[in-house]
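Residue numbers (my numbering), protein chains in the order written: chain H, 1 to 81; chain L, 1001 to 1277; chain A, 2001 to 2132.
The set of hints was computed from the structure by calculation and includes no laboratory data.
Note that CB positions come from ideal geometry on N, CA and C, so glycine has one too.
Each hint should be verified, as a subset may be incorrect.
Said to hold, decoys possible - The calculated BS3-like cross-link candidates involving lysine-lysine, where the alpha carbons are at most 30 Å apart (straight line), are: (1) A:Lys2132 x L:Lys1044; (2) A:Lys2059 x A:Lys2011; (3) L:Lys1002 x H:Lys24; (4) L:Lys1196 x L:Lys1116; (5) L:Lys1002 x A:Lys2059; (6) L:Lys1196 x L:Lys1044.
Stated by the list, open to error - Over 12 Å on every C-beta distance to chain H, these chain A residues come out as not near it, computed from the model: (7) Thr2007; (8) Val2053; (9) Glu2121.
To be verified - Cβ pair distances, simulated, as ranges: (10) A:Ile2005 x H:Met22: 23 to 31 Å; (11) L:Phe1223 x A:Ile2005: 50 to 58 Å; (12) A:Glu2122 x L:Gly1106: 42 to 50 Å; (13) A:Thr2062 x H:Met22: 35 to 43 Å; (14) A:Ile2009 x L:His1234: 51 to 59 Å; (15) H:Leu7 x A:Asn2116: 43 to 51 Å; (16) H:Gly19 x L:Leu1218: 52 to 60 Å; (17) A:Ala2127 x L:Ile1137: 51 to 59 Å; (18) L:Ile1007 x A:Leu2126: 17 to 25 Å; (19) A:Ala2127 x L:Val1107: 41 to 49 Å; (20) L:His1161 x A:His2079: 50 to 58 Å.
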Amino acid sequence: MIWPIDLAILTLVVVAAIGALMVKDLLGASVLFGAYSFMMCLLWSIMGAVDVAFTEASVGAGVSTVFFVAAVFRTSRRTRD
Amino acid sequence: MKIIGLIIVVVTGALLIYAAADFPAWSDPASPASTYLSPHFIEKTMEETSVPNIVTAVLADYRGFDTMFETTVIFSAGVVCFFLLRISRREEEEPETRYYRHVLTGVTIQLKEGYKIPPSDDFERIDAAWTPPDLIIKTGCRILIPFVQLFALYVIAHGHHSPGGGFQGGVILGASIILLAISHDLRTAVRRMSEKLMAILCAVGVFIYAGTGALCLLLKLNFLDYSALAEVLHVDPITARSHGILIVEIGVGIAVMATMIWIYNNVSSAGRYRQGL
Amino acid sequence: MTDLISTVIAKYNYWIYITLMMIGLYAMIAKNNLVKKIVGMNIFQTAIILFYVSIGVKKGATIPILEHGHGPDAHHVVHAVDYINPLPHVLMLTAIVVGVATLGVALALAIRIYNNYNTLEEDEILAQIREK
């Protein structure tokens, strides 16, 4: 456990989460959500939860992002907040 | 609404912060979560199941019942997406103008309603929003996909000794087909893996899991008690538990793979399999 | 003062999980766009998973895969202190996969709503319902 990396990633996670909700474009929000998921995955592998990190890397950062992009492609990118 | 939301969130946050003050210190070995039950699992897993990865052992053996119904949840999510989005072929109106592409020359033909092309393999049906596929992406993905699938099979098979297992392997297998759909088009992916096959595989995965449990029941032990498989597999009961875990992981892998592709196909094409991402 | 700072740093994971949970909850309640609400739901879910994983951490312990060899006398004596608590990991592993399944259903619903109302904004949908 390397605590400076831990603190840095924890801060980045919050930034990515706020960014995903603030950005005024749904495609950007999906991509930022993917970044958020991947950051979470790093965090869990630092904490030693390798199985959870692996699942999050494949499910959260991979397939979830694809689902979001597919849904945005089928609807619209427009958002007001 | 925003102000009410903010008030609710701040109140909840304050309560959580108040509660967090009483939590045991972070990474404390003597915290209640890691003192009562978990030492048993850590110390006995190797003796009882001969699986070094404790997470896999607990997931598929000790908590096998839970995981079985998680698989059922995934299966039903796939079915729900299908029912919500899929437009049946009868209701789906044929667009007035259809587009065909001559494969050898790359000429695109536009057909009005009522006209047909001569029956020939040289023409392929394309979407209205069709763009010429990028050669580099297409070739790159075609080279990449077999390795992705091989890695997925490794993850499923090696889940006993390294991080991985049915869920992760299934998702990676599904992702390889989704990669095919993204790099080529949905038509190609559906041709390789038809909707019917996907629905059947979804059910087969859950069936393998529940069937293993039922087999244990038939062999006069409890539901999902894999040591009953020792008679069938001709090994000692402890190794039988390890093999039983592998069998149900394969079931989980098949179900998860099929569900991921199924959900992707439905979401990316909004139920019309003709025009996808 | 140093006391306070040391508590803040010692439980940094818990504070971040609370922050993320608040962000997710706020997005679910106050955001107007349906896809943003779904993103909020996922952030909320990941925050809870972060909490559970943080509970399982032990100082001076390694990942929960037992050291082992092959052959008849390969069994080491296993001490529980040496390995991270695996139980939260198991619970959360299934939660992530079920999370992506619910995400699929949520997006399917959003697409159906978009097909009917041609918008993803909540207030515009409500206005269209009231007009009818």
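_Beta-carbon spacing of Ala2127 (chain A) to Val1107 (chain L) - inside the hinted bounds 41 to 49 Å or not_ = Since the Cβ atoms of Ala2127 (chain A) and Val1107 (chain L) sit about 48 Å apart, the hinted range of 41 to 49 Å holds.
*Lying within 17 to 25 Å: is that true of the beta-carbon distance Ile1007 (chain L) to Leu2126 (chain A)?*
At 22 Å between Cβs, range holds.
*Look at the Cβ atoms of Gly19 (chain H) and Leu1218 (chain L) and judge whether their distance stays inside 52 to 60 Å.*
holds, 55 Å
_Quick check: does the Cβ-Cβ distance between Ala2127 (chain A) and Ile1137 (chain L) fall within 51 to 59 Å?_
violated, 42 Å
*Would you say the C-beta atoms of Leu7 (chain H) and Asn2116 (chain A) sit inside 43 to 51 Å of each other?*
holds, 46 Å
*Starting from Lys2059 (chain A), check that the Cα of Lys2011 (chain A) is at most 30 Å away, please.*
Holds, at about 14 Å.
*Is it true that the C-beta distance of His1161 (chain L) to His2079 (chain A) lies inside 50 to 58 Å, as the hint says?*
Roughly 20 Å apart at Cβ, these two residues miss the hinted range, so it is violated.
*Is the straight-line distance between the alpha-carbon of Lys1002 (chain L) and that of Lys24 (chain H) 30 Å or less?*
Holds, because 17 Å separates the two Cα atoms, which is no more than 30 Å.
*Falls inside 35 to 43 Å, the C-beta gap from Thr2062 (chain A) to Met22 (chain H)?*
Given range 35 to 43 Å: holds, Cβ gap about 39 Å.
*Verify the proposed pairing of Lys1196 (chain L) with Lys1116 (chain L), using a straight-line Cα cut of 30 Å.*
OK: Lys1196 (chain L) and Lys1116 (chain L) at ~27 Å, within 30 Å.
*Per the hint of 51 to 59 Å, is the separation of the Cβ atoms of Ile2009 (chain A) and His1234 (chain L) within bounds?*
Cβ of Ile2009 (chain A) to Cβ of His1234 (chain L): about 57 Å, so the range 51 to 59 Å holds.
*Satisfaction of the hinted span 23 to 31 Å by the C-beta atoms belonging to Ile2005 (chain A) and Met22 (chain H)*: holds, 29 Å
Hint compliance for this structure: hints 1, 5, 6, 8, 9, 17 and 20 are broken, all remaining hints hold.
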